[in-house]
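Going down the list, the protein sequences come from chains A and B. Just so we're aligned: the first sequence equals residues 1 to 715 in full-length UniProt numbering. Just so we're aligned: the second sequence equals residues 1 to 715 in full-length UniProt numbering.
Rather than coming from a laboratory, the hints here were simulated on the basis of the structure. Please note: incorrect hints may appear among the correct ones.
The list treats identical chains as interchangeable, and a pair is accepted whether it falls inside one copy or across any two copies.
[What the hints assert, rightly or not] For lysine-lysine, the following DSBU-like pairs were computed, each having C-alpha atoms within a straight-line distance of at most 35 Å:
1) K455 - K218
2) K359 - K584
3) K60 - K417
4) K273 - K448
5) K60 - K530
6) K142 - K337
Protein chains: 2
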Amino acid sequence: MKPKIDYNSDGGLCSSSTSVSGEDTPNRDERCQSPTDFDYTSGNKSLAEKIRLRIESGEKFFSLEFFPPRTKEGAVNLLARFERLRLACPLFCDVTWHPAGNPGGDTETSSMTIASAALNYCGLETMLHLTCCNLSREDVIKHLNRAREMGIRSILALRGDPPIGQDWHPPENGLKYAVDLVRLIRNLFGDDFSICVAGYPTGHPDATSYEADLLHLKEKVDAGADFIITQLFFRAETFIKFVRDCRALGINVPIIPGVMPIQSYDSLRQIAKLSKLEVPEEIINIVAPLKDNDEAIRNYGVQQAVSLIRELFNAGLAPGVHFYTLNREVATTTILKQLGLWVTEPRRPLPWRRAANAKRSTETVRPIFWSSRPKAYIYRTRHWDEFPNGRWGKSDSPAFGELKDYYLFYLKSKSSKNDLLRMWGEELCSEQDVWDVFHCYLSGQPNKCGVKITKIAWNDEELSSETSLLQEKLSEFNKKGVLTINSQPNVNGAPSDDPVVGWGPRGGYVYQKAYLEFFTCQANVQALLKVLPSFPRVNFHIINSNGSADYTNCHRHRPVAVTWGVFPGREVLQPTVVDPVSFKVWKDEAFALWREQWGKLYPEGSTSRDLLTRISETYYLVNLVDNDFPRESCLWDLLNAMFAQRELDNMSDFIQQDSDVHLDAVDHYENGLRLTRRQDSQGDGSYTHYTMEELVEAAHRQEMHDEIVTGEGHQ
Amino acid sequence: MKPKIDYNSDGGLCSSSTSVSGEDTPNRDERCQSPTDFDYTSGNKSLAEKIRLRIESGEKFFSLEFFPPRTKEGAVNLLARFERLRLACPLFCDVTWHPAGNPGGDTETSSMTIASAALNYCGLETMLHLTCCNLSREDVIKHLNRAREMGIRSILALRGDPPIGQDWHPPENGLKYAVDLVRLIRNLFGDDFSICVAGYPTGHPDATSYEADLLHLKEKVDAGADFIITQLFFRAETFIKFVRDCRALGINVPIIPGVMPIQSYDSLRQIAKLSKLEVPEEIINIVAPLKDNDEAIRNYGVQQAVSLIRELFNAGLAPGVHFYTLNREVATTTILKQLGLWVTEPRRPLPWRRAANAKRSTETVRPIFWSSRPKAYIYRTRHWDEFPNGRWGKSDSPAFGELKDYYLFYLKSKSSKNDLLRMWGEELCSEQDVWDVFHCYLSGQPNKCGVKITKIAWNDEELSSETSLLQEKLSEFNKKGVLTINSQPNVNGAPSDDPVVGWGPRGGYVYQKAYLEFFTCQANVQALLKVLPSFPRVNFHIINSNGSADYTNCHRHRPVAVTWGVFPGREVLQPTVVDPVSFKVWKDEAFALWREQWGKLYPEGSTSRDLLTRISETYYLVNLVDNDFPRESCLWDLLNAMFAQRELDNMSDFIQQDSDVHLDAVDHYENGLRLTRRQDSQGDGSYTHYTMEELVEAAHRQEMHDEIVTGEGHQ
């Protein structure tokens, strides 16, 4: 017998029969894919259910249609576009099936890959199109299985275009119509997929009549379709009539109008031709005279779409709107903003972005290490079937997947090799050159060629607003060879709606422990190890590339929460941890980026490449947590102490030569540093204290002494 | 494939080969059963392992032996003794096997029941004795299975005393010697049990010689015994020689000296006779002249035991000491205190006491409702095989066991019926009489018969020091019929070593949301429901006995953390939650206590009993959480508003009679209360605000008016 505590299942609504609504949070939380969707355990609703809830709430939604790009670069760009458009919280996006390519294959440009990347790596609820008329039944099933494996749970079921020619017949045992595909999905996959079908407000071009086409649509819905997206149309009344006719026929599922912002004269003509649609005269009359002025047409297209959608919304028959984006971004963004559908609210449910894959819907904890490389983390944990929820727990050996291929396209830098070289230096001659790259990235200063550095190998994005809080200190230490790749300031109970550090539901308080992660050279690490015992508040992990040196004062299997929040009516959330076991996995990835993302920009055998390889082999990766979050972070003091200790290490030889005094350690105090030297001559363990200045002076005297006595200066 | 994150298994030590010890916390955490044993996930170590770790740490331990009491009252008293002695953190206690009774049975006085209660309800690591010479092999196995079911994981394997007479033979197929029992346990139960055996420093009385007995001991250890406890002895050199002889023979397991504090002349003589031990002359010489002065003998016994144990410890051969307590408490306590083994450190690993049953070793979260009735909670969840850890999670229906028998002896009040009647009143005539009981309990004032009330039906203990922080406010409201049974103040980041609210490892910060739970009458609840919307910070649950009225503004399945802590090097701990589903289970228990624990003290049909039954049927159980923990709790304001609203409800009739003004609600502001009346005559939704004073004055005017006009005063 076990307690029936379900850590994973769907959240339920308040039983309204007996509850008084003292606050409306619980209900608001049930909304999906909206910026206030902070129900952390109910993210695995189907798309059909999400649409139903949005219709119930009366809040209009929008969705975005894309087609797979033709090139790998196009794929990288499209993913960047997904990330930007995601900020506006589309209810879903959909990716067309591209039968000419290898739509169900593994290439970077396949429909399947793009849809999976949108879902898994860009955090968009994603629907995949599937056309059946050229596929065998087996292939259809294979594609559906694969889509399900990827986490895709919505299919737009289409017939597709048969090859041109009168005598086309579907493959033996194949599917002739979309309705057959709908039936197959429902029969073989039950409710694993939400099924969408296409509606044709002016009738399908191949249908014998508008009425006959409506009956086909009814058939598709009766076979199990959950909702309808319409083919594009130009006049509101077309959609309004269509919906009324559908309803009259007993088609009761949601019908989402499909709208294409007119982007150019040529594309409009081409699409109208392909879709066998007649463009209304009033539009032709405006667009035709502008045909060589793309900007003017785009502006018109925006205005036309906005007024069309307004009319649809006002008619009360459209629960939302579907955009045929043609993979463009600007027009759709402008339209959304004009309609007030572009929600700019920057509230985050968690400090990191939640995944759209239902399998990860209960995930609430991640190691901090991947915070600038969330896609790598998602990739490496994609085969998990349970995700940490509430706590990370004891992780003896989290089964992280290998990350050998640093050129997985969704992990590829959005910048070209040339851009990266301009930022990071065509030639690197010294470690200082490398340090300066970090320094410029963090300070915002241009590099010596006047180029602004907007990314580093460990972070393909500009600095987060949170990092900016530490920018000055960070850039100062980076210039001196403390090469920071991750950090966060301490936060002691900021309101959860704080614009910089806030996250989670309103009315809560968020917290952070100060965190610093950096590469640095061995001499710094040796000094650091000497001063760390004077900072008992600090947890540390220090490791080199091959793991042969590995220092910590932490429990070997116990994570430390470094970000957490307390909210009304909830358990405590602690979304990021420093987990010692995961750190060793991350270490390999972090060291490899020196060679794979940066070093490989330079020819084999070049000074630059050798330098970066040497750094990756000799530097250490350090992480530091200051546990005493209510007090000012002591991590800067710790770094200062490290540098003071190095000075001391450099000096102690000289001083030792003409006295029996041995410099020993740097003690740390609340306010400043104290240097200690042991007076061995007294032999009673007593200490004499010197200020840093005294010691530096002593070292200089010693140098002069050496010069006089031996005739040799210390270079 | 799933992530290998083990939420339950044993913690590992830092790999010392590569770690530098910047803080010693991880190692200290590995210590067991000591007040700083705050390794929340490693509590399922075997007793053998705990002993090994304590020997490694060099920290002396002690253990306590008890025998089963003869009566039910004796059992209740013994459990109370366990609870007091537990505060000193014994490494374990052990309960003798009482073959004359029904030692493996279900009665309250059986060895099995007492051992299980010590383990499960008093939180003591517990070893059960088992003697085999009068049991069939099947019975031995049955008892071992039952012990394992109870969570007992240590057995002291003994032969036991055969019946007097020369011709005794063990039952057919039975076990003749302790070594046979050791073998049986190891063969059939593997490592499920730690096995202890008895050692006889002067040789077993039945053995042919001291040397022969040592060889038997060697046999027992070779058969799988983990450690040895010695028979009592009087001189340190006896033990020292014994240990050296054992080691010489290759007996290498820990040997714990058994010490019996001399408590009286008669018991000393009797025990010496039973154990066939010779009491040394130097002891006889002291004790014999004192034989009629028990106190003097006890004092001598303490002194003799202290110096004996000191000698043993100084000799470096005793890792700890085992006390034959004879179920007495004072002598052992005094000895422990004199030896410095009574650790008075009040640090708590969690706000509630952790269970000793290994099955519960990962448990870190409980609902707050049972905080004064932890034994009932343990009882009702005893069949769970997973316990909430880190978070409570979503609990659709936690499978709580029924709690029908309110007279389970370990849930029985330690006070007699007469004592309870003296405290709670021989006769209760009115609700105010009942309220006064709560008021006296909370204020510490004696009741009208001059008796101090030290417990109520919902809490068998005196007030916690934390409740004392709220004492004044609580007693004030209890006097007015807000009958509080649970509460905690808000705490915003107190140091974890705070003497009142602190818990968990040092160097952390602890937090609480203000919590209040009380019974109150329907009129109060009606007023409360009117004012609650003005306190949006507050989560509430309000329910009546049969659940027909059930109000909340919470998610129906989502718990609220009300106690949590943040510590160096760890995840966030949140040991108590308000869980809506568990509240309904608790509700039944809380309402039943009116009748079962209190009402049944009075004869059936008596006024007192009827009154308590009526209260249990008509009152509501309310819990309130103030989510805004950094600000001063608003719960007192809320209660004041509730009473103001009641005044208002009482007055509104009069005021309504000669005006169209309708008193409507009480609004709450940061500083004080504002009363609102809607001016319906204007019909524009505007409000006029009155102070409380104005309204009371208006009511009085109205009363005077009524008096004048109708000639009737309102009584």
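*asked:* Tell me the numbers of any earlier hints that the structure contravenes, in ascending order.
replied: 1, 3, 4 and 6
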